[in-house]
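**Q** For this one, chain H is given, so just place chain C with the ligands on it according to the hints.
Going down the list, the sequences are from chains H and C. Counting with the UniProt record's numbering, you get residues 1 to 808 for the letters of the first sequence. Counting with the UniProt record's numbering, you get residues 1 to 164 for the letters of the second sequence.
Any given hint could turn out to be false.
Straight line, CA to CA, 20 Å or less: simulated EDC-like cross-link-like pairs of lysine to aspartate or glutamate [what the hints assert, rightly or not]:
1. H/Lys41 with C/Glu32
2. H/Lys20 with C/Glu32
3. H/Lys22 with C/Asp85
FYI, nobody ran anything at the bench for these hints, they're computed from the structure.
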Amino acid sequence: MKDEITREDRVDALGGMGCKRKRVEDARFTQGKGKYVDDIKLPGMLFGDFVRSPYAHARIKSIDTSAALAVDGVVAVLTADDLRPLGLHWMPTLAGDKQMVLADGKVLFQGQEVAYVVARDRYIAADAVELVEVEYEDLPVLVDPFEALKSDVVLREDLVAEDGSLPDGAHGPRKHPNHIFTWEVGEKEATAQVIDSAEIVAEESMYYHRTHPCPLETCGCVASMDKVNGKLTLWGTFQAPHAIRTIVSLISGIEEHNIRVISPDIGGGFGNKVGAYAGYVCSVVASIVTGVSVKWIEDRMENLMTTAFARDYWMKGRISATPEGKITGLWCEVTADHGGFDACADPTKFPAGFMNICTGSYDIPTAYLAVDGVYTNKAPGGVSYRCSFRVTEAVYFIERMIEVLAIELNMDAAELRRINFIRKDQFPYQSALGWEYDSGDYHTAWDKALKAVDYDGLRAEQAQRVEEFKAGKTRKLMGVGLSFFTEIVGAGPVKNCDILGLGMFDSCEIRIHPTGSAIARLGTISQGQGHATTFAQILASEIGLPADSITIEEGDTDTAPYGLGTYGSRSTPVAGAATAMAGRKIRAKAQMIAAYLLEVHDDDVEFDVDRFAVKGAPEKFKTMKEIAFAAYNQAIPGIEPGLEAVSYYDPPNMTYPFGAYVCVMDIDVDTGVTDIRRFYALDDCGTRINPMIIEGQVHGGLTEALAVALGQEIAYDDMGNVKTGTLMDFFLPTAWEVPNYETDYTVTPSPHHPIGAKGVGESPHVGGVPCFSNAVNDAFRAFGLRHTNMPHDHWRIWKTANDLGLHG
Amino acid sequence: MTDKMHIKMTVNGQAQEFLAEPRELLIHTLRERLDITGPHIGCETSHCGACTVTMNGKSVKSCTVFVAQANGSDVTTIEGLGTPDNLHVLQMAFKEHHGLQCGFCTPGMITRASKLLEENPSPTEEEVRFGMAGNLCRCTGYQNIVKSILAAAAEMNAAKEAAE
Ligand code: FES
Ligand code: FES
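Just chain H, with the same shape it has in the complex (with noise of 0.2 Å):
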């Protein structure tokens, strides 16, 4: 019976790398019984609400609280001068600003905190909001960085010197009050005199706008003091616990063993959930000032409205080529607009994030970069929402640029594309902007997707919608979208990457039972994404142990091991790098334990699939399961009892992976309507885990790139009011909007990372809101368009249209 079963058949029973497992996660969440945050009940709890501010920018006079504290149920109202005294009014913020925590004499953005009610029920919380008085003496506003970079109005007093000269920022020199910081990346002189006396230029001005991660949960927390024990427990939608932690530690003096933070099941999180909001820090003040537990919970329009806004860049481009088509540079200026307060969430290096991946996936010998950050009346934020860290901002710049060249040269945009890719020989790749790409084939992945989608059948086919068009048969025009993007994601190498000081590494801890099943934490943590199941394949296929006898626990600072948490698409580059080395670990004590048991040398047994077996002779083996048992029951000369392992994993290098989208897109020339008849996405994440995961990761990137780049935007108005605050105005596509994705792929495996894994969940977001842009702008080509700003709307299409005279 025993030998009937093959190899194929053992390796199947592991449920490991690269089959499409199904959900571990999903028994709970299909019956309604996934615990959020917003589930947790304590005795005794009371609700916190903010009085926000209506103005912004505005003096506050002054806050009577005193009919609020009248109201039956409410048990205190917290403003700046309750917490000045413990020095928590103002908190540090990620990218080295501060931030206030409640209004501390004046407001910055609409929205802002001003006070905290705590309540016994949040109905009555939101009874006492309406109860304070606050009297405001409104400022001028700015909400335009240009002019903010002129304006005499100041923004941010604590940031001038008594001396009105202005202190240097955490990123160096300010040359005016609402400039945050200048960031420069490789050769301005060279880069200029290259395109200065190159035969072709192209240049655009492009606004990549405001927008916001917007995940279905909005944030919330529950702060638990227990003053008997002076701990303090902390539940919350943190896709960063562990900094959580630390943070929460630093800024209240209590010692960190104290403060145990716990993620439960989070509701999506985007980069929504990555920074720390002063709701956390009024709830945690709030518990422990009245000793109880305090839940908070953002309702939709607070979360559109205050917590973490992404993009808001204005690009500026200038590329040079030869008349042949092969570009010679790239010059990029940004100025960002970042809000009231420089709460980007960015490694501390890097203020623009990996801005400077903008020469995408071409072979560009000079570029130059500058990005200079601004102070407006606007929220602070600018969080990576589904990206590492503006690198969507990047890939959206430069296949927008390579379109613009395209036009200029009067050439195929594919073409283009195809003979400046970094060729598959050249890796690993020396960017001019300080990179080392480690792989690639681009030139594989490209052709494949145009053959796939038959391009030269598309242009056909656009080429004669276009004479259709011009004689009155149709007024439906046809675009194609075409995007090549490089990503760059797993921060990162604690060498150059940190955040507040905490280097961005990542852990796995395993800990494997007798019986032959195991328990693994890592410090990253799931918000959709599925670790659950696919880090335990990923055990699975290095230990030999069935991935459905591995639990895999995350998101409880008291019990798994210190990481840097789940953004940037850094789960499988990083943590599921250290999930491969501890395994290994594992793995390598069970080939002693395994040795011993087999009478032979640890060099004379291997490993296989589940098992040790003797070298030339596979009947003599033992199974990882029994080996399981052997650590707990043996006693193994030389070898502690047991079998568990840690790894802290600081990865090398980041991982880069790249992807082909083609989007097909018919658009009604009057009503601006479009119809996404057709999209492709062929991705390269190296080493795929789980194949039916990545496809599900893929949807849905796409699909919020679609929301972005046809409509999703906070839009304010030359007051700073948030135009965009509720669902009705802020574009989230339903199923009847989105169409059916063509997902492809190719594997170039990272060199560097130990299963050569690179992380995919972003990818498709990245690359797909220069492809439906892309789109929107190809089928106005023939009639003379270059560039036409996102989010493409109906009523900015239609306007498209009209500028271009085809209204008649």
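**A** Chain C with the ligands in isolation, oriented as in the chain H frame:
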């Protein structure tokens, strides 16, 4: 604050009786008063559908129903659709076809889909997309949700045919 009202309703087959302010929202009644936390809150403005339940045979967004309006009603939530030992076909189909990621929209999605399939047992893909347009998902891009619902419909129809 207003006077409390005497409310009676049936939730997942169980009779419930309590005093509540009429302005209390049904979603809070379910989640906070009755500890039925399957339905979620994503917006409180009727846009996202995370709070979807079935009330008197219709899909409703429970964030926009006052408990006063729900007085005397019969409410079913995700918790009333299946049990761990006897899952609803949709609950299995969503797992099988990867129709969920973070799971936050899932209870509302499945509850709405169950109603949709009662209203239209053999929907086309278009009909599913239209019928589900009141439920937002930020994670899946809907492709696998649609696939899950169509697969569940096919399975339910096959089971019905076999029984006949
Ligand atoms: S919470 Fe009810 S529709 Fe969003
Ligand atoms: S699975 Fe996350 S919102 Fe739908």
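**Q** So which of those numbered hints doesn't the model satisfy?
**A** 2
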